[in-house]
Structure formats: structure tokens, C-alpha cells
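Anchor point for the first sequence: position 260 equals 260 in the UniProt record's numbering, and the numbering is continuous, going up by one each time.
Read the hints as simulated data drawn from the structure, not as lab findings.
Careful, some of the hints might be misleading.
[Claimed, not checked] Computed cross-link-like contacts, DSSO-like style, restricted to lysine-lysine with a CA-CA straight-line distance of at most 30 angstroms: (1) Lys162 to Lys63; (2) Lys152 to Lys253; (3) Lys90 to Lys54; (4) Lys146 to Lys211; (5) Lys186 to Lys146; (6) Lys119 to Lys150; (7) Lys63 to Lys203; (8) Lys162 to Lys203; (9) Lys186 to Lys63; (10) Lys203 to Lys11; (11) Lys196 to Lys250; (12) Lys39 to Lys11; (13) Lys39 to Lys85; (14) Lys11 to Lys49; (15) Lys150 to Lys203; (16) Lys150 to Lys39; (17) Lys150 to Lys211; (18) Lys119 to Lys63; (19) Lys63 to Lys152; (20) Lys51 to Lys124.
[What the hints assert, rightly or not] Computed beta-carbon distance windows for the label pairs: (21) Lys11 to Pro109: 50 to 58 angstroms; (22) Gly121 to Asn20: 16 to 24 angstroms; (23) Gln258 to Ile84: 26 to 34 angstroms; (24) Gly188 to His245: 27 to 35 angstroms.
Just so it is clear, CB atoms sit at the ideal spot from N, CA and C, and this is done for glycine as well.
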Amino acid sequence: MPELPEVEITKRGLVPLIINQEVSRVILHRENLRWAIPKNLITILANQKIKTIKRRAKYLLIKFEAGTLIIHLGMSGSIKVVDIKTPLLKHEHFELQFNNGTSMRLNDPRRFGAVLFSKDGSHKLLDSLGVEPLEAVFNNGYLYQKSRNKRKNIKDFIMDSKIVVGVGNIYACESLFMASINPQRKAGNVSKTRYKILTQCIKDILTQAIKAGGTTLQDFSQVDGNPGYFTQTLSVYGCENKTCHFCKSKIIKIVQNQRSTFYCRKCQT
DNA sequence: GGGCGCCCAAATA
DNA sequence: TATTTGTGCGCCC
Numbered sequence: 001m002p003e004l005p006e007v008e009i010t011k012r013g014l015v016p017l018i019i020n021q022e023v024s025r026v027i028l029h030r031e032n033l034r035w036a037i038p039k040n041l042i043t044i045l046a047n048q049k050i051k052t053i054k055r056r057a058k059y060l061l062i063k064f065e066a067g068t069l070i071i072h073l074g075m076s077g078s079i080k081v082v083d084i085k086t087p088l089l090k091h092e093h094f095e096l097q098f099n100n101g102t103s104m105r106l107n108d109p110r111r112f113g114a115v116l117f118s119k120d121g122s123h124k125l126l127d128s129l130g131v132e133p134l135e136a137v138f139n140n141g142y143l144y145q146k147s148r149n150k151r152k153n154i155k156d157f158i159m160d161s162k163i164v165v166g167v168g169n170i171y172a173c174e175s176l177f178m179a180s181i182n183p184q185r186k187a188g189n190v191s192k193t194r195y196k197i198l199t200q201c202i203k204d205i206l207t208q209a210i211k212a213g214g215t216t217l218q219d220f221s222q223v224d225g226n227p228g229y230f231t232q233t234l235s236v237y238g239c240e241n242k243t244c245h246f247c248k249s250k251i252i253k254i255v256q257n258q259r260s261t262f263y264c265r266k267c268q269t
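Given the sequences, and given the hints that come with them, work out the whole structure.
Rendered as C-alpha cells:
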């Protein structure tokens, strides 16, 4: 389920439910997701209290005295907090039970996600990540400067997590539409002015999506703890043959780097 | 830098 | 019933 806004909403939903909660039991319902889930979490996290929850890129970082639990939701992961007696659902692979009688469960049908642990909070997977798109370091000159001499297409470029994190397939399409840039354009062949516009569009699109997701938070701990995708805000993604908001021509679908791209041939140049 | 493949389920043919 | 497609991303060539 996750792109950056969905992970951010998950984080915000978790904060009031699990901060300061003490772990009574850790359950691994299977040994691995994308990678092995460390078995020693069962002993390491026992009786540990959750201190903070942060997000870096699409990783959730849940901090304990003993170290940091690193969770990635992959393509289909979601987290919910339920009463401990709630029957376990299919694909709920990992569970943290708390002394207050609730349980945080990770559901991930495709199992592309990950549950990892780091004593000092650092991790190989976090080392080579680019800047956060909603922070000030992602400024108007950043993409322009990073894109010089890049021959790959601009969509792939903004989806490169070594450059900027958290821009997935949906919001890459949406941002390029909002900025009126053709996704097939070579990254190194886009002007400083257009990158400035694109930068603001990425920030706007992500911020809007987080805002839309915020409305789902009151239901976060209910039966459906999955905030889902905020489809009401999408202008091009999944909109093949639908009408462009601006010029009324048809949105088309192409394939780039084995991923679907949706765009308006007339508006995006 | 491009493409593969991990895995399951829903949509489509 | 069989095939295609999908919100991610590390790894291999």
C-alpha cells in the first residue's frame, strides 16, 4: 500500500496508540518477509517501552531503549493496532503485543516488506538514501544540480531514492502532470525553471496526499487499519482514457522501466 | 544504468 | 481457467 504519504499516515496513526506502551510479547508468525526477521527480537524487545516513532524515506523507525525496530511496508504492507484477542488474519506476519491489551500487527500479502533491527539506529539500507522531499534540503536548485549529464528519463530520475526518497510510481506520475513535464524527457535536458516548478509540485502533491490521509486516522485502529490510497486526489495515475483536467484530451498509458506511466500527451511537454 | 525477481491477489482475457 | 498487472527496491549483469 505505501508511498511516502501512506507511510507517514501510518506513523501518525501509530503515535497515540503505541508510544510509551510496553511490549509484553513479540510474535513472528513467519520467519521472513523480504529478509529474515531477527528471531532474537522476541527477547530483545520483551518488556521494552516504545520511545519514539520516526519515518525516514518509506521506513518506519520504532525506537526502544535497546535499539530501533525498522519496518518497511513493501508494496502491500499495512499496520494496525487491535485488541490482543482479535483473531489473527491471513498475512499478518509480525505482531507486537503490549501490556495494555493491544497488539500492533503487520499485514503484508506480497511479503516485499521487511522487519529489521538496529542497536544504534543506523542501517546499511538507510545509508545511501537521498534527501527527504518535504524538508528544506530539497530546494529549488537540488534536482537541477543532481540531474546534469543524466540521460535517464525524468520519471525514473525523481523515483531514484539515492536522489530524493519517497516519490513512488503514483506520485511521480502525478507530480510530472502537475508540472506539465513529459515523463520521457531526459533528466539532464530539463531547465532550471522547470525543475523549480517540479520541486514545488512534488512537495504539494505529497503534502496534499498526507492531508487527505489524515481524514482516515480516526479509523486507524479499527477492523480496517489500512489507510489505503488516497485515490480521490489522483489526476493521471490509473486514469487511462479519462479526460485531462486541463485540456480535456485523453490521458494515455505507456511503460517506462517496467512500470506504468500515465500522462497527458498534450499538456506534458 | 537497466532489467530481474521476490510473492500474492484482484482484475482481465 | 489462464494470464496480466500491481503502491518497492536490492541485487546482478
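- Query: Hint numbers the structure violates, sorted upward?
  - Reply: Hints 6, 9, 16, 17, 19, 21, 23 not satisfied by this model.
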